[in-house]
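Read top to bottom, the protein sequences are chains A and B. Counting in our numbering, the first sequence runs from 1 upward without gaps. Counting in our numbering, the second sequence runs from 334 upward without gaps.
Hint data in this document are derived by calculation from the structure and do not stem from the laboratory. Any given hint could turn out to be false.
To be verified - According to the in silico footprint, chain B covers these stretches of chain A (three or more CB under 8 Å from chain B): (1) 183 to 193; (2) 218 to 224; (3) 234 to 248; (4) 272 to 278.
Glycine included, every Cβ here is placed at the ideal spot set by N, Cα and C.
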Amino acid sequence: MEEKQEKALISLRNLQVSFKIEGQYYNAVDGVDLEIMPNEVFAIVGESGSGKTALALSISRLHNMNYTRISGHILYNDENLLELSERRLNKIRGADISMIFQDPLTSLNPLIRVGPQIEETLVYHTNMNKTQKKERALELLNQVGIRNPDVTYQSYPHELSGGMRQRAVIAVALACKPSLVIADEPTTALDVTLQAQILDLLRALQREMQSSVILITHDLGVVAEMATRVAVMYAGQIVEMASAQQLFKNPRHPYTRSLLASIPHADSENDRLNAIKGIVPTLKYLPRQGCRFSHRTPWIPQSEHEADPKYHEVSPGHKVMCTCHETFRFETA
Amino acid sequence: MLEVKDLKIYYPIRGGILGRVVDYVRAVDGVTFTVEPRQTIGLVGESGSGKSTIGKAILGLVPLAGGSIHFNGEDITKHIGKNRSPYRKSVQMIFQDVLSSLNSKKRVLDVIAEPLRNFENMTKAEERKRVDELLSIVGMSPDNALKYPHEFSGGQRQRIGVARAIALRPKLIVADEPVSALDLSIQAQVLNYMKDVQEEMGLSYLFISHDLGVVKHMCEYLAIMHNGRFVEFGSRKDIYSDPVHIYTRKLIASIPSMDPDDREKNEQQRDIISREYTERYKDFYQENGKVYDLKKRNETHYVATL
Numbered sequence: 001m002e003e004k005q006e007k008a009l010i011s012l013r014n015l016q017v018s019f020k021i022e023g024q025y026y027n028a029v030d031g032v033d034l035e036i037m038p039n040e041v042f043a044i045v046g047e048s049g050s051g052k053t054a055l056a057l058s059i060s061r062l063h064n065m066n067y068t069r070i071s072g073h074i075l076y077n078d079e080n081l082l083e084l085s086e087r088r089l090n091k092i093r094g095a096d097i098s099m100i101f102q103d104p105l106t107s108l109n110p111l112i113r114v115g116p117q118i119e120e121t122l123v124y125h126t127n128m129n130k131t132q133k134k135e136r137a138l139e140l141l142n143q144v145g146i147r148n149p150d151v152t153y154q155s156y157p158h159e160l161s162g163g164m165r166q167r168a169v170i171a172v173a174l175a176c177k178p179s180l181v182i183a184d185e186p187t188t189a190l191d192v193t194l195q196a197q198i199l200d201l202l203r204a205l206q207r208e209m210q211s212s213v214i215l216i217t218h219d220l221g222v223v224a225e226m227a228t229r230v231a232v233m234y235a236g237q238i239v240e241m242a243s244a245q246q247l248f249k250n251p252r253h254p255y256t257r258s259l260l261a262s263i264p265h266a267d268s269e270n271d272r273l274n275a276i277k278g279i280v281p282t283l284k285y286l287p288r289q290g291c292r293f294s295h296r297t298p299w300i301p302q303s304e305h306e307a308d309p310k311y312h313e314v315s316p317g318h319k320v321m322c323t324c325h326e327t328f329r330f331e332t333a
Numbered sequence: 334m335l336e337v338k339d340l341k342i343y344y345p346i347r348g349g350i351l352g353r354v355v356d357y358v359r360a361v362d363g364v365t366f367t368v369e370p371r372q373t374i375g376l377v378g379e380s381g382s383g384k385s386t387i388g389k390a391i392l393g394l395v396p397l398a399g400g401s402i403h404f405n406g407e408d409i410t411k412h413i414g415k416n417r418s419p420y421r422k423s424v425q426m427i428f429q430d431v432l433s434s435l436n437s438k439k440r441v442l443d444v445i446a447e448p449l450r451n452f453e454n455m456t457k458a459e460e461r462k463r464v465d466e467l468l469s470i471v472g473m474s475p476d477n478a479l480k481y482p483h484e485f486s487g488g489q490r491q492r493i494g495v496a497r498a499i500a501l502r503p504k505l506i507v508a509d510e511p512v513s514a515l516d517l518s519i520q521a522q523v524l525n526y527m528k529d530v531q532e533e534m535g536l537s538y539l540f541i542s543h544d545l546g547v548v549k550h551m552c553e554y555l556a557i558m559h560n561g562r563f564v565e566f567g568s569r570k571d572i573y574s575d576p577v578h579i580y581t582r583k584l585i586a587s588i589p590s591m592d593p594d595d596r597e598k599n600e601q602q603r604d605i606i607s608r609e610y611t612e613r614y615k616d617f618y619q620e621n622g623k624v625y626d627l628k629k630r631n632e633t634h635y636v637a638t639l
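Use the sequences and the hints to build the structure in full.
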């Protein structure tokens, strides 16, 4: 693969994230290996409970360690983020790695005007003086497409509309020109028209700043619009990883295919949707052996699954877990 | 069957130290449409466009500021505040947030039987039989009847919501964002059951949603709302293949394409439309931002233009 030559910006090795439930630890992320390249948008898709957010939060170590255990390696600039001291980590968080959350109203401080909130990151990570900081904040507001930066600079979060707020959050995240932005469901709380605007903005900014984005989402439409590469997560594992083109043109894993088939397509008028049988298992009752998706496809005989599922490369850069993808078919009525 | 005529709903804005009404929010400002038996009408719009308010008005949950709502020729406003009126039987609602719409202290049996207890004189055994029947219609086993709502997943809860809504064999169900809190695979289950139930019971739906994919899947006719008024009304084909109003076109252009190769094209398309939105704003909106009255384009297609 030609991509291998390029050095990964951040690589995850056998990452395990487990949460404590009733005194016992259960893995929400179960052995994930990933490499995020410079200047790419890497999407992680999955339904609620698939472990995608647990994965993202462990990169910036935002989990409450009182009931979380993380093992494995997260290598960034040859350092394992999981072993860094809080102090060292604080130098990286917000500056080199920043986050955009789903709900802009809760990720902004309601008592502080927007301008100073953007400057806050600059206070911690740069030596700018007051005027420089203000200049940078206004520049950022302008960059994220806010028409009157001076007015917005002086506004409180509640005075802004949902789309404007999310733009302000993006401005905060970009303040120190991070090399990696983790965006956790950045448009889920927004209306469709706003969603399109924010996605267009994110894409333009990403191109301009050449930084990488990890995009966490449950919305395959957002993935198709944004991503360079995609990982599909189910029950704590990546079940398929491919470029966006490969994934949408030639989805392999039964889960990916079932998900794509359950989208009410804006351009098909098929009467019935493909519903996936059963539900995503809760953390405590996650199947830990064999193909984890197999119990939602009961019509596929066990012999078509691997006992210990491995990744299979179906084409360069396109990996699928378990052999069941070779013979998978949808249930016929 | 349902006739909504020039519906207006204003919410008062209070101000000053005396809390006097200083102005009104015109949440719904002159909306007219009908729902025929077995039809599904979609109401689409962004948050704050007034789509949920219309749903509430049809259930008699908000006072009207003007206009009328007739159900089978009868004015519904005279039923407002009366608990056991027959109108309450014929029109039911499915809510977005299932967990908060199901009483957490009641068993599923009681949740579904509540409407039956209010309207039908059933013995315990008959009631139980009917509840089991309703559960099986939405694909759930009767053993679930004695469980509590928190024991179910989101999709199952929404199916309980559907079962409750159909308990009295209503004619019309107002579904306010019934699947927007659900995961994709679960959403498909619920939508499939809603369609099955419709066919079996000959229901009509007023389907309120902001998701253009879901609406296209479910509805024959669509109304696009903006600022409390309809900007466009038409069949599924009219709206998706031949959108006329600039707002509708903006909405349609925002639907993400499932083909990564279309990205550039879509972005350009959105740029063109957003430019057009500013340039041709006056053709579609009055000075004060109000949407024009609907004008007929053909048998099924109405557009609000100058």
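So, going through the hints one by one against the coordinates:
Under a criterion of three residues with beta carbons nearer than 8 Å to beta carbons of chain B, the stated coverage of the region 183 to 193 of chain A is upheld, 3 such residues being counted. Figure legend: the region 218 to 224 of chain A, annotated as covered by chain B; annotation consistent (6 residues with Cβ-Cβ distances under 8 Å, at least 3 required). Counting residues of the region 234 to 248 of chain A whose C-beta lies closer than 8 Å to any C-beta of chain B gives 3; at least three are required, and the coverage claim holds. Interface restraint, the region 272 to 278 of chain A with chain B: holds (5 residues with C-beta to C-beta distance below 8 Å; minimum three).
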